[in-house]
Structure formats: C-alpha cells, structure tokens
Amino acid sequence: MIYELGFSYYDDNPENDDNVIIAVYSSYKQAEAGLKKFAQQPRFKEKEKFLYICERKINEAFWTEGFWPAMPSYFKIELLEGYIIDKYEDNYIEILDEKGEKMYEGNFHDYTDYKQCICLRNITTGWMYCLDKQQKNIQYKTKNFKNLLYFLLEKYEIKKLGWRSIF
Amino acid sequence: MYVYQLTYEHDGNLLSIGYFGSWRKARDIMKTYRSTLPGFKDYPNNFCIKKVKVNKDNYFFLN
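Line by line, the protein sequences are chains A and B.
So in numbering that gives the first Met the number 0, spot 91 of the first sequence is number 90, and the numbers just go up one at a time.
So in numbering that gives the first Met the number 0, spot 38 of the second sequence is number 37, and the numbers just go up one at a time.
If you want the footprint, here are the derived chain B segments under chain A, 3+ residues with CB under 8 Å:
#1 0-12
#2 15-27
#3 41-51
I should point out that these hints are in silico values taken from the structure, not numbers from a laboratory.
By construction, the Cβ of each residue, glycine as well, lies at the ideal position given by its N, Cα and C atoms.
Isolated chain A (complex conformation) (with noise of 0.2 Å):
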C-alpha cells in the first residue's frame, strides 16, 4: 500500500484550478507530514483543506470506468441563420441572435426552428411561444397547439410543427 499526497483546488472560477500530484509516501503517517510540511508552501497556503491523502494499493487501477467529456452539443444547440440556444441548469436558456447578441431568455423544455422564427414550448406552464428572428420578439403566444400552428400557417406559410427537446 502507498499513500499518495495531492493538491485539487477549483473554486468559482475554472481558470483557478489546481491539480497537482505532490508524492508518494509508504505510509499514512509519513504522507500527513508531508501534508503538513507542504501545507505551508506558497502554493498550498490558505488552500490546505485542498491538500489530500488517497491510500492506494499497487498494481492495482483506482480509476475504473471511463468519463464522459464536456461536448460543446451538451451546452449549446445552433439553430438556422446563426442562432443560437444557449442551454443552462434548470430549463433555462438564452437565445442568441446572429450577431451573438442576447435575444430572449426563459425556462423552455422543447424547440423547433424554422428560417423565419423560434418556437419554443414550456411543458410547466403550458405557454408556446413564437419568436421572430426578424422581428427579435415574441410575435404570438398561446397555450393551444392549434392556434399556434394556425399562427405559423398564417404568417410564414409553415404547414408543420415537431417539438424537440432542449435538455
């Protein structure tokens, strides 16, 4: 068995992320000295609860599944003609124009995209919502499926309507 002493800090911001595998030690007493004596260095100071001791037994993997890397699809999703929805924690997005300039935010659950305009739905309350890229507003809102395929018929000439989830 052996003791490995290492450093894992990450606050608020990303860009302060520290990682760093500081040594080995052949038993736990030896790594809580060397915690202790490293504690004190620049680096470490003021972030000691950040310090770590991981038993680890040799030839044998600690880490044994794989991991799920961050895709830009998990966080965004590119709409027609430069939009973009940008998706965050509870349902809530915010709607990029072509410019990448803020143009609409809420909680919505589905989308569909169409040249002309955005619709979104909240399943939650029932509201479904068409925003016009031209316009960059809500041009019509109901919470009848009907009326809102109505709605598009009328103003684009758009004869379908397929949600697709956001999340």
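Add chain B to chain A, keeping to what the hints say.
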C-alpha cells in the same frame, strides 16, 4: 523503492489512475483504457507514465 504512476489529464483535470510495480504493467493498463473505456478512447494521447520514488518529495512544481 520506485513505482510507476499512471495519470491522465483532460481539460485541466488530473486523474490518478494507479501505481504499478513495473512500467510494463502500467503500459498494459494504459493500453486497455485507451482502447476500451469511453472518454479515454476519445482522447487516447493524454496518458502519462512516470517513475516516482516513494517517500521522496518533489519540489519542481512549487515555483
């Protein structure tokens, strides 16, 4: 006493995979991981095998 430390770095995150008694053993584990496990398979070049002396404190990273 020396051990072979197998680590993996991705997006600033350092994973300590394990410590092995031989370089060959560490390399075998690395090969298995990079050919079978998700994430490692996608970024297979981020592994590092390092020979480290047990009970020796390194100071190179303190600057």
